[in-house]
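Participant: One letter stands for each residue in the lines below.
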Amino acid sequence: MMELMWYVVGFLAGVSGYLVYMLSRKYNLGVIGLGSLIIGLFLILFTVAWSVGSVLEGVPRAASMGIVFFAMPGIVLLTFTAKRFLTPRYRKT
Amino acid sequence: MTENMHDPGVSNKMPSSSGSNRGEGNSKSKTSRRSFLKLSVAGAGVAAAGAAGITVARRMEGIPQDTLPIPINDDFKPIDQRNVLHIFAYSKALDQKHPERTKKFGNYNFYERFKTFYNGPYRKDPGYTQLERALAIGGFALLSKLHGPYGLSNPDGLLSSWKQEMLAKSQYEFPSKQEASQVIKSAAALYGAIKCGITRRDRRFDYDPLYDIGQERELSWERDFPFEPKTVIVIMTEMDYLAMSTAPSWITDATVGNAYVEALKIAAQTALFLRQLGYKAVATMNDMGMCGPYAVAAGLGEGGRNGQVITTGYGPRVRISKVYTDLDYVEYDKPKTLGVASFCLQCKRCAESCPSEAITFDGPSWEPTYSSDPDYIWHAAKGVYKFHNDTKKCFKFWIENDGACANCIASCPYNKPDFSHHRFVDIMNVVAPSQVHGLMKEFDILFGYGTVSDPAAVKKFWKKGRTKT
Numbered sequence: 012m013m014e015l016m017w018y019v020v021g022f023l024a025g026v027s028g029y030l031v032y033m034l035s036r037k038y039n040l041g042v043i044g045l046g047s048l049i050i051g052l053f054l055i056l057f058t059v060a061w062s063v064g065s066v067l068e069g070v071p072r073a074a075s076m077g078i079v080f081f082a083m084p085g086i087v088l089l090t091f092t093a094k095r096f097l098t099p100r101y102r103k104t
Numbered sequence: 015m016t017e018n019m020h021d022p023g024v025s026n027k028m029p030s031s032s033g034s035n036r037g038e039g040n041s042k043s044k045t046s047r048r049s050f051l052k053l054s055v056a057g058a059g060v061a062a063a064g065a066a067g068i069t070v071a072r073r074m075e076g077i078p079q080d081t082l083p084i085p086i087n088d089d090f091k092p093i094d095q096r097n098v099l100h101i102f103a104y105s106k107a108l109d110q111k112h113p114e115r116t117k118k119f120g121n122y123n124f125y126e127r128f129k130t131f132y133n134g135p136y137r138k139d140p141g142y143t144q145l146e147r148a149l150a151i152g153g154f155a156l157l158s159k160l161h162g163p164y165g166l167s168n169p170d171g172l173l174s175s176w177k178q179e180m181l182a183k184s185q186y187e188f189p190s191k192q193e194a195s196q197v198i199k200s201a202a203a204l205y206g207a208i209k210c211g212i213t214r215r216d217r218r219f220d221y222d223p224l225y226d227i228g229q230e231r232e233l234s235w236e237r238d239f240p241f242e243p244k245t246v247i248v249i250m251t252e253m254d255y256l257a258m259s260t261a262p263s264w265i266t267d268a269t270v271g272n273a274y275v276e277a278l279k280i281a282a283q284t285a286l287f288l289r290q291l292g293y294k295a296v297a298t299m300n301d302m303g304m305c306g307p308y309a310v311a312a313g314l315g316e317g318g319r320n321g322q323v324i325t326t327g328y329g330p331r332v333r334i335s336k337v338y339t340d341l342d343y344v345e346y347d348k349p350k351t352l353g354v355a356s357f358c359l360q361c362k363r364c365a366e367s368c369p370s371e372a373i374t375f376d377g378p379s380w381e382p383t384y385s386s387d388p389d390y391i392w393h394a395a396k397g398v399y400k401f402h403n404d405t406k407k408c409f410k411f412w413i414e415n416d417g418a419c420a421n422c423i424a425s426c427p428y429n430k431p432d433f434s435h436h437r438f439v440d441i442m443n444v445v446a447p448s449q450v451h452g453l454m455k456e457f458d459i460l461f462g463y464g465t466v467s468d469p470a471a472v473k474k475f476w477k478k479g480r481t482k483t
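Here the protein sequences line up with chains A and B, keeping their order. Quick note: this note's numbering has the first sequence finishing at residue 104, numbered continuously throughout. Quick note: this note's numbering has the second sequence finishing at residue 483, numbered continuously throughout.
Hints were generated in silico from the structure; no laboratory data involved. Among the clues, some could well be false.
One side of the interface only, derived from the structure: several residues of chain B facing chain A at Cβ under 8 Å [to be verified]:
1. 71
2. 73
3. 433
4. 434
5. 435
6. 460
7. 462
8. 463
9. 474
10. 476
BS3-like mimics (lysine-lysine), calculated; alpha carbons at most 25 Å apart, straight line [unchecked claim]:
11. 91/B to 129/B
12. 103/A to 117/B
13. 159/B to 294/B
14. 199/B to 52/B
15. 37/A to 129/B
16. 407/B to 117/B
Idealized CB from N, CA, C, for every residue including glycine.
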């Protein structure tokens with residue numbers, strides 16, 4: 012199961028990389044926008060790895076705490092990026 | 015000169031001479047320089063991240079030290095094996111010789127109490143039924159067949175015999191010291207060791223004199239031991255995580271015993287391997303010398319507050335055996351520091367989980383801080399700067415529990431199953447300053463790790479079995 016989890020995380024990392032590339036081409040994200048996008052995506056991927064690992068080792072509480080401590084900041088950062096930078100104002104002409 | 019002047023595709027599209035031509039060329043040049051700058055910054059970032067990763071990975075494996083990271087006084091004397099609690103508690107002669115030890119510990123007779131160990135009735139509590147006792151007996155009892163009837167601290171056992179049987183007449187010559195060490199470690203790994211280190215024999219870590227309970231007599235290194243050991247090979251085996259998480263139930267006895275059986279088997283096989291190469295060798299368990307200091311000296315871990323060796327990847331969830339040999343043409347491992355000392359200073363979780371209050375809340379010291387009465391601290395290693403714990407209290411709980419405890423192993427934040435996400439925490443532990451370690455301990459509790467006396471853990475063990483995936 013851990014191998015499958017790493018395969019999925021690897022696939023999602025590839026998709027995330029492509030997403031970052033496409034968004035940085037379309038929008039003027041700047042250092043803050045790009046940083047919060049990358050860190051936000053990393054935290055989401057980290058949460059997937061953490062939580063699946065925790066469930067597999069039989070500590071579901073660690074999985075749920077992982078969602079609170081890692082995924083929540085990730086979602087906040089991605090929301091911030093979307094609301095602040097992924098707007099027509101920052102679109103490249 | 016701009017890049018696009020060399021590009022026929024670009025120059026064909028541009029008018030031959032105009033102001034806008036120069037402007038467009040400059041714009042492309044600026045873009046190109048900016049791209050180059052961005053790439054350079056990105057490359058530098060990747061290189062810095064790579065270098066940091068390598069540094070952290072090395073620190074996680076431990077920082078090699080030229081000297082032993084356990085300060086020992088120059089006047090430190092080797093421990094008399096008669097003062098080892100598990101030797102004393104097995105020996106009728108020593109019990110009769112030292113009535114003051116019984117008196118000073120509230121008239122608690124270690125010898126008489128030890129005879130009741132593992133003989134109590136089954137209970138109805140989870141982890142203490144006939145099922146768990148049977149599992150524990152299956153895990154542990156084989157040791158008496160393999161090592162002898164007087165426990166793991168008694169020297170010259172069966173598989174750990176001092177007889178140099180099957181010793182080859184000619185000695186195999188290793189091409190180099192490095193290769194000799196690698197060969198020994200490969201052999202130990204094949205036999206089942208999870209970790210193996212090689213260190214010089216250090217007389218400070220050996221019991222002297224040794225004591226044989228069966229014959230109730232002292233043994234001398236010079237007179238009785240068959241050769242002069244020069245090297246000690248330290249072998250580690252793993253205890254099961256789920257079984258350990260049921261601490262202090264009888265299930266922990268099963269995994270402790272099982273890991274000991276494996277450790278003894280591997281040591282005996284490694285000793286025989288060396289004898290077949292023409293070098294004298296003896297497998298040993300807790301007898302002859304202290305496993306902890308030898309494991310630290312061999313670079314396998316660092317001493318923790320709970321008195322265990324804390325290792326990378328397994329924490330304190332290991333058992334140790336040793337091989338004494340006269341082979342000295344080997345490359346010795348260096349001791350390493352893993353940041354355990356600073357972590358244990360802040361953590362104290364083992365002390366909080368100890369049902370007998372045997373583990374100290376104090377910092378490291380040269381002598382026990384719980385008492386200075388020589389008749390009370392007769393078993394203590396004085397002159398070593400470490401966490402001094404009262405093993406008598408630990409022993410007393412074993413007898414009350416009618417089985418070993420292991421709460422200090424189960425609750426240790428370093429004790430984690432072999433799942434990759436815990437390596438992230440290991441990285442944090444290495445990178446974070448010592449002030450953060452106390453916070454990491456709180457997070458460990460918050461995330462649900464290291465609980466002890468948990469009936470649900472017993473159910474989980476029987477339902478899930480091993481955690482390996």
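Participant: Compare the structure with each hint and give your call.
Facilitator: Tested hints:
1. This hint is violated: residue 71/B has a C-beta 18 Å from the nearest C-beta of chain A, more than the 8 Å allowed.
2. Given hint, residue 73/B at the interface with chain A, is violated; its Cβ is 21 Å from that chain's nearest Cβ, farther than 8 Å.
3. Using the Cβ-Cβ criterion of 8 Å, the hint placing residue 433/B at the interface with chain A is satisfied: the shortest such distance is roughly 5 Å.
4. With 8 Å as the threshold, the beta carbon of residue 434/B comes within range of chain A, its nearest partner Cβ sitting at about 6 Å, so the hint holds.
5. Using the Cβ-Cβ criterion of 8 Å, the hint placing residue 435/B at the interface with chain A is satisfied: the shortest such distance is roughly 4 Å.
6. Interface hint at residue 460/B: satisfied, since its Cβ lies 6 Å from the closest Cβ of chain A, which is below the 8 Å cut-off.
7. Nearest Cβ of chain A to the Cβ of residue 462/B: about 3 Å, under the 8 Å cut. The hint holds.
8. Interface restraint check for residue 463/B: the shortest CB-CB distance to chain A comes to about 7 Å, inside 8 Å, so the restraint holds.
9. Hint on residue 474/B holds. Least Cβ distance to chain A is approximately 6 Å, under the 8 Å limit.
10. With a cut of 8 Å, the hint placing residue 476/B at the interface with chain A is violated, because the nearest CB-to-CB distance is about 12 Å.
11. Straight-line distance between C-alpha atoms of residue 91/B and residue 129/B comes to about 31 Å, which puts the hinted pair past the 25 Å bound.
12. Distance hint between residue 103/A and residue 117/B is unfulfilled; the C-alpha atoms sit about 86 Å from each other, more than 25 Å.
13. Simply put, residue 159/B and residue 294/B have alpha-carbon atoms about 24 Å apart, close enough for the 25 Å limit, and the pair holds.
14. Note on residue 199/B and residue 52/B: the hinted pairing is violated, with a Cα-Cα distance of about 47 Å set against a maximum of 25 Å.
15. Between residue 37/A and residue 129/B, the direct Cα distance comes to roughly 78 Å. Violation of the 25 Å bound is thereby established for this hinted pair.
16. With a C-alpha separation of about 14 Å, the suggested pairing of residue 407/B with residue 117/B holds against the 25 Å cut-off.
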